[in-house]
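**Student:** Listed here are the chains, written in short residue letters.
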Amino acid sequence: MRLSLPSFLRLSPRYAPYALLAPFLVLFAVFGLFPLLFSLYLAFHSWEPTSGLGAMHWVGLDNFSFALQDEWFWKSLRNTAWLAIASGVPQHLVAIPLATFLHLAFRRWRNAMVGAYFLPYITSSVAIAILFSSLFSTDYGLINLAIATLRELPLLGALLPQAAVDWLNDPDSLKPAIATIVFWRYVGFNVVLYLAALQTIPPDLYEAATMDGAGRFQQFFHITLPSLRPMIFFGVTLSVIGGLQLFEEPFILTGGKGGSDQAGMTAAVYLYRNAFDFNDFGAASAMSWLLFLIVAALTWLTHRAFRRKDD
Amino acid sequence: MRRWVQRLSAMVLTLAAGSIGALAAGPAAGGSPDGASAPPPAAGGSGRTPGSTLTLTVAAFPAIDEIVRAALPAWRLRHPDVEVKVLNREVNDHHTAMTTALSTAKGLPDVMALEIGYLGRFAQGTGLEDLSKPPYVLGRDRDRFVRYAFDQATTPQGAIVAVPTDIGPGTLLYRTDLLARAGLTEADLTTSWEGFVTAGVKIKAATGAYLLAHARDMKDILIRTGLQPGEGLYFDEQSRPLVTTPRFVRAFELAKAVRRQQLDARVTAWSADWTEGFKRGGIATQMSGAWLAGHLNTWLAPDTRGRWRAAQLPEGAFAAYGGTFFAMARLGDPSRKAMAYEFIRFMTLDRDQQLAAFKSQDAFPALTDAQTDAFFDQPLPFLGGQSARRDWREAAGRIRAFPVHKQDAFAREVIDTELDKVLDRDKDIPTALADAQRLLQLRARR
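Protein chains in written order, with the working numbering: chain A, 1 to 311; chain B, 1001 to 1446.
Some hints could be false.
Straight-line C-alpha distance at most 16 Å; calculated EDC-like pairs for lysine to aspartate or glutamate [unchecked claim]: (1) B/K1106 x B/D1333; (2) A/K75 x B/D1435; (3) A/K75 x B/E1253; (4) B/K1359 x B/D1373; (5) B/K1421 x A/D261; (6) B/K1406 x B/D1236; (7) A/K257 x A/D277; (8) B/K1359 x B/D1377; (9) B/K1427 x B/E1253; (10) B/K1337 x B/E1083; (11) B/K1202 x B/E1186; (12) B/K1421 x A/D170; (13) B/K1421 x A/D172; (14) B/K1133 x B/E1115; (15) A/K75 x A/D212; (16) B/K1204 x B/D1188; (17) B/K1337 x B/D1130; (18) B/K1406 x A/D277; (19) B/K1085 x B/D1065; (20) B/K1085 x B/E1066; (21) B/K1202 x B/D1177; (22) A/K257 x B/D1420; (23) B/K1204 x B/D1177; (24) A/K175 x A/D277; (25) A/K257 x B/E1413; (26) B/K1427 x A/D261; (27) A/K257 x B/D1416.
Derived coverage of chain B by chain A (criterion: at least 3 residues anywhere in the stretch with Cβ under 8 Å from a Cβ of chain A; other residues may be distant) [stated by the list, open to error]: (28) 1054–1064; (29) 1371–1384; (30) 1399–1410; (31) 1414–1424.
If you are wondering where the hints come from, they were derived from the structure by calculation, not from laboratory data.
Heads up, the beta-carbon is just placed ideally off N, CA and C, and yes, glycines get one too.
With the hints as extra help, turn the sequences into a complete structure.
**Tutor:** Structure (structure tokens):
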């Protein structure tokens, strides 16, 4: 039996695409395009939000010049850069060899292994923050407990901190703590990317190299790495964008404040606080656009860095 | 004909998708700035016709929601045809929701509770109804309220944007048993701030207990004392930062003295260690609103009953710790404003309601009329039979309001950060305050 709609419910081919696209377009316009344009509009205005939408005043580039003079904005950018590098670089340095190892060493269990590494990526940030808050706890945390145990060992013990580390309240240890979480969370995602790329490298290349007498390491540096180049570009670009927009982990871990001495206040956390804690939506919008310019510039630089010479 | 139907169905689909999107985005996308083009009141919600009921929405946070709910039976006796719906949110979420509602004029409650920390911020704008004007003319009732609380709700331009309902007169709660073991009396704590710190050294030596939960508490109270007329906490009338004045220098120096002599437990209020400190007698004193005595009694440290006493703050300081207000939105539904105001008056100017809130939730009445009740003379078993409510009443009358500045929240954060650097990393106090001054100068006129 053929299921058929009454003729008046059928869409003519001329209008069907519009009707079918409408749900996405409308949602995108409302939740994507509108906030984007609204924040651009706000960036040039001063606004006391509790007075209503009519209370906006045009201030030209004031918000931008304020942002550039604001010490805390620069501080938050430095924090962001520190965290992006400290969490981003190790992600790739670990993910590439790890993916290669998983690719070569596992056949049957590969998917299960990849799944295990990927799990943190799909876990809720709130759950992660709660888990790590207890792991990093000064008096009862497992991390300090492990350090205390390792301290007993000869040689290694001397290198470790001699007292319990106040991970989340001491400005010097908060950043490494956040970077560790971000690294742990996204390394699996990069492993998946690289594993997918590894599977596309033709095995004949390795066979030919073996015949020519190339060892494992030579094969890795002369075949694997160059073949991964496009995927490294993609992975690094995602890390740059994600790293510069880092918000959830530091926000939840520091109770939405940015931590002692604002050590965990990334640019994204700072602009959120500017809007919702300090009531300065104009400056917050200007900062978000400055951040966008930085993200765009760094993405372009990444692109330049990974461009092939013959391109 | 068929083509038309097809076009129509395509349009219906598009519109349906559109309206779902618009509904979901309601607060962000809609809203008229001046309320002039606001749609007429929807049927059922307002626009009373004889025999129908009117529903007021009150947005609150714990425990104000409970106070309001407890008042409803008495309210219904007076207004059987007016229903009251209470919305309750966590305190920060509540104020964020009110900011959003005011900025877009969507989803506004008829009555909103505001905490003092946020009232200053909200009063900067024009989102709240000015109750000094007719038909309200709240100024007539000025003398019926505790003076400082009413002043806090009055803007420099003379607008009255909220009505105080409860206040938090500051008090010094101390462990009388620990003091006795150290051979000290109340006067040793309260004569001067320097004496307070010296007493702390003796308490630590004799009992091992800390004087304070955190050295920051010392700074917080000291910057609130000795304000010159017209001065705000962090800024003067011309928006000039005041953080390098002697008031801040002394506050920082005393906080540092507390930390240097290891007299603070380094725990923040409401943390598990803070609670534990009270339970085990590890913290000898706490400066706070009078309401803290109630919290200690009911859940923080009920087993320490009888060992606490309350004193006025040292060196004749009088300060407020917290306070709640009721306000109405300027762009709220006009047809319900009169009744909403009636409800606010019922909660704030009715002696019985104010007393009921005090008895059940330790919400100290802002209505002076309610402060003459015999309840104020009753001894408090938790404080060893002391009639502390009289002292708190006296303190409430002596607190003075100071002007708020829209950058107060930021200034507080900057000062706390610099104090942390002084306490934890031995940053030099003049440098710390100069750094704070520079940050505040840039932001003061925004």
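**Student:** Which hints from the list above does the structure break, by number from lowest to highest?
**Tutor:** 3, 14, 15, 24, 28 and 29
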